[in-house]
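A.B. asks: As a plain string of letters, each chain reads:
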Amino acid sequence: MKVTLVDTSLRDGMHSVAHQFSAEYVARVAAALEAAHVPVLEVSHGDGLGGSSIQYGWAAASDEALVGAAAGAVSETEIAVLLLPGVGTLRQLQRARSVGATMARVATHCTEADIAEQHIGWARQEGMRTVGFLMMSHMLEPGLLAAQAKLMESYGAEVVYVVDSAGALVPGTASARVAALRGALECEVGFHAHNNLGCGVGNALAAVDAGASWLDGSLRGLGAGAGNAQLEVLAAALERSGHETAIDLFALMDAAEDLVAPAMPGPQTIDRAALVIGYAGVYSSFLLHARRASQKFGVDTRDILLELGRRRIVGGQEDMIIDVAAELRARRSGAEAA
Amino acid sequence: MAVRVRAAILGPGNIGTDLLMKLRRSDAVDVVLMTGIDPDSPGLERAQKLGVETSATGVDAVLAREDIELVFDATGARAHVANAPPLREAGKTVVDLTPAAIGPYVVPHVNLDAHLDEPNVNMVTCGGQATIPMVAAIDRAATVGYAEIVATISSASAGPGTRQNIDEFTETTARALEVVGGADAGKAIIILNPAEPPILMRDTIFARVREPDSAAIEHSVEEMVAAVQAYVPGYRLLLCDVDGDQVTVMVEVEGAGDFLPPYSGNLDIMTAAAARVGEEIARRTLAAEVTA
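The listed protein sequences derive, respectively, from chains V and Z.
Under our numbering, the first residue of the first sequence is numbered 1, with each subsequent residue one higher.
Under our numbering, the first residue of the second sequence is numbered 1001, with each subsequent residue one higher.
Please keep in mind that the hints were generated in silico from the structure rather than gathered at the bench.
Any given hint could turn out to be false.
To be verified - Computed cross-link-like contacts, EDC-like style, restricted to lysine to aspartate or glutamate with a CA-CA straight-line distance of at most 20 Å:
{"id": "1", "chain 1": "V", "residue 1": "Lys296", "chain 2": "Z", "residue 2": "Asp1245"}
{"id": "2", "chain 1": "V", "residue 1": "Lys296", "chain 2": "Z", "residue 2": "Asp1243"}
{"id": "3", "chain 1": "V", "residue 1": "Lys2", "chain 2": "V", "residue 2": "Asp248"}
{"id": "4", "chain 1": "V", "residue 1": "Lys296", "chain 2": "Z", "residue 2": "Asp1241"}
{"id": "5", "chain 1": "V", "residue 1": "Lys2", "chain 2": "V", "residue 2": "Glu327"}
Unchecked claim - Selected chain V positions facing chain Z (Cβ under 10 Å, derived; list incomplete):
{"id": "6", "residue": "Gly88"}
{"id": "7", "residue": "Thr111"}
{"id": "8", "residue": "Arg312"}
{"id": "9", "residue": "Asp319"}
For each residue, glycine too, the CB sits at the ideal point set by N, CA and C.
Bound-form chain Z, shown alone (with noise of 0.2 Å):
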């Protein structure tokens, strides 16, 4: 295989775990380190058995390694502000899922070009990188005054960190549909539906705008949804409706199954793009060292 770049993981949960599985098929970034704070993590087992080195020193056990150059956070908002600034005096590139958002938003074919160069991005929320690729195709054919988005996500798919902070989700969602999918106002909707079998994750984006051409609407949100599913494939377009100047677009997210349940659509999109995010960045740096 050709050349990588060298990466880690931190947080052997349930998303650091999906991730590497995900970044496994990769052919820019190969993980050859996933840390916990807990030996007998069942996640540091499961990496081991996928001949993945772990160690249990967390963070410590990352900046001890020259060789890795990308890192990506799948601990928790609290542990990433504590993790971030030695990251980045040790000169290691980070990809953050975690809220805590030290870095800019990012979320893949939207506004990642801006930053490859930055050394810490942050992959916003699971209804941002589902809803904010519509909202930003809505916008560039038809310049969004006000975007709003109902993020439905099975009970099951929700973790202790999402229910106990629930305004961080709705607020962060918010705050990205205006600085990266480039509405002048935003509002986020999150909704827990406990239905068995467990749901899909369903998001609806609403959108006011100011040039309605339902024509250029439908052509553009394609061309995204196509653009998604390049690295999600379970993203499907359910419904593009122009009505006057209100936009409705609904999707829903069915996940790749690698490790959680296809049903955790809205966990498996936030570690596909963060897959995607490294890749980018992997690529990026693999060229500027052939050019140097």
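For reference, chain V alone in the conformation it holds in the complex (with noise of 0.2 Å):
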């Protein structure tokens, strides 16, 4: 089958460096992309459009500044950004377009689908490449995410993802939800991994052979919690599955070892913390924050990774990372005082 792979080093990976990567870092490596012949790169604060605050964390640079500098270094390979509606707004994703975004990727909580219906709906009428992005895809079985896929590709969405946001899908539960899309879709079916289960590549293997069409990694892994399927190795492993994609596997290699390993504070592992996320259905951008609030309230950031999954509580509130860590010191005090 003949894979669309799209790059998130710049997006999801921004959650590695606390979205602190610099314009001028993001035109080199979307030139190193453009080079390795990569039709997809995703730019913007790791949490999409307008994501820059206090609740997801400050970036370096503006979203116009990163989207324009990764334009600016790129001919062929297409730019896309992320809105979370209700986060980010059509004004932003306007601007982003106006300095060089051609694909609006709209991401929803799995159930929510119809909040993205007026921004999909305008990017198509745009002229965008669209495309849906359900997130926490394991929380909803497969024929219900189907039905919310349907809803996106009614807005005009071209591609609609099951986004394993929470790295919480093995392969097996990753290829059911792919195949149900694809059987409810008559557009195409992408594939989201993170990789707080080990499982990133393999199932975005999975989700190939369910019908999948796009598949988005990122250059050694980079992103939220264990990170995302690595690129080049993702490049790799479809080759040898036999499966076409366009990518110039040595430039992408070289890329990842030079230009990315360089940049990042350390190297994407499966750390307990991660895992948990993963084993827990917690939300994978969740993971530096329950660092800093298990220091500042000096709790578990297990314990707290934990009583999130229990409480249901869903991409986008990280205030509630606070919200528990406080509420479990309180416990824990009221337990000595006892």
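Reassemble the complex: the two chains are provided individually, in unrelated frames, and hints are given to aid placement.
C.D. replies: Below, the structure written as structure tokens:
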């Protein structure tokens, strides 16, 4: 099968560096991705357009500066931006488009597709490539997920993604969801992996076998939680599985090794907290926030993450991390007093 | 009962019905008419059962009644844009619960006194009603440079109006954090959470302040929480943390359960605030009539 690979090192990867990539660095990575024939790259704050905030962390550069820098460095590679309705707005998408974004990826929690109608509709009407992103897909059974995907398709999405934001899916549950979408939709189906259970590349391969034709990944696996599917590894594995990509594999390996690895604060590993995120089904972006709250409130990161999972907190609710940490501290001092 | 100002509610939906049930307890406002545009609307039938006159001719039925001085518009933004000019010409005071925002934003206990003589006032958004009092409380104690709010509501309480135009919520709320809350710059985020049973409305207010004084901030916030509780009993302070120049306040809003279920604190705070605004306007009207 022909697979379109999307690099998200400069968007999801922003989580690994607390949104600190500079416009200049973004331009260098974008140029390297184009040299490796990566057809699409995504760039913006890790939480999408308008994500720069107290809630999600301040970015080093504005979304316009980042998108403009990437667009200025490429001629063939398409520039995608992520937009979470409720966080970013159409106005911000319009500005991103004016500085070179040609693809809009509109993301909602997996049960809330209808809040994306306006944004998907506008992007499609304006001639942008439009992608629907169903986040935290592990929380919804395949049939219901396909119904939400159908809504996104009806608004104008040309690709709808099963997004494993928590890295909680394994090959069986990932392919069941992709297959349900494939059966229900006319448009293409994508898969966005996180590696919290060590299944990032494996899930992406399973997704292709179940009918996905768009896959996300990032260089060196950069991304929230334990990171994304490692793009250069995924490209090699796809080739060995007999699938076609447009990628120049060795150029991609070089970009990962020479450009991205030196800029990483540390390797993407599945440490205890990242594993708990996958196991408990918690939004991967919570990782750094939970570590900070653990220090500030003197409670265990794992306890915070497990409680967030128990409360069925969804993506974007980073403020609940503080709430949970404060409550755990209060509970403990109550127990000590007793 | 003492003399009350006669009022009408436009829009017999969930919001209109909940507002009617709240105003039935009022000693200043007497809802004598509820109108819609669909004669078979269950909301009109509910109002009739409560002994309120109803009409399916919308704003026209209100314009035909000279005795009605106060009008609550709980329709939609587009309808309100059409309703507002004739209501104004007819000399009726309007409390606008839609996102149309033709008149100034009002938040009880924050800036209502400055707008009691306006012919048309707007209730901002549910997130605005829940968070602007906190921003204003922090601002008066410590001067807010930047305010950011995160409103999380249950999916079950988010109607089609909110869902189809979610940017209207974020943009209007952000503007009102500045205009009413007093922040130099504002940002608003809304999250829908589908958990079952539905969660209560949660709001987090972050503020960057210029004169951090944690005792003054905490005192001001607690005082404001008590003021909001006077009209929204289910408004609760969960956290007030001052860390350097950053203030974090968390509140939860449980609805009164008048018509809407208690988890719809986001809708309850809109109807409760609108009722409060209507009552203040009515008291002002009554006082003026007595003086005259």
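A.B. asks: It remains to establish, for every hint, whether it holds in the given structure.
C.D. replies: We went through each hint and held it up to the structure:
1. V/Lys296 <-> Z/Asp1245: holds, 16 Å
2. V/Lys296 <-> Z/Asp1243: OK: V/Lys296 and Z/Asp1243 at ~10 Å, within 20 Å.
3. V/Lys2 <-> V/Asp248: holds, 15 Å
4. V/Lys296 <-> Z/Asp1241: Cα-Cα ~12 Å, so holds.
5. V/Lys2 <-> V/Glu327: Between V/Lys2 and V/Glu327 the Cα gap is close to 50 Å, so the pair fails against 20 Å, i.e. violated.
6. Gly88: Holds, about 9 Å.
7. Thr111: The hint holds - V/Thr111 has a Cβ within 10 Å of chain Z, the shortest such distance being about 4 Å.
8. Arg312: The hint holds - V/Arg312 has a Cβ within 10 Å of chain Z, the shortest such distance being about 4 Å.
9. Asp319: holds, 4 Å
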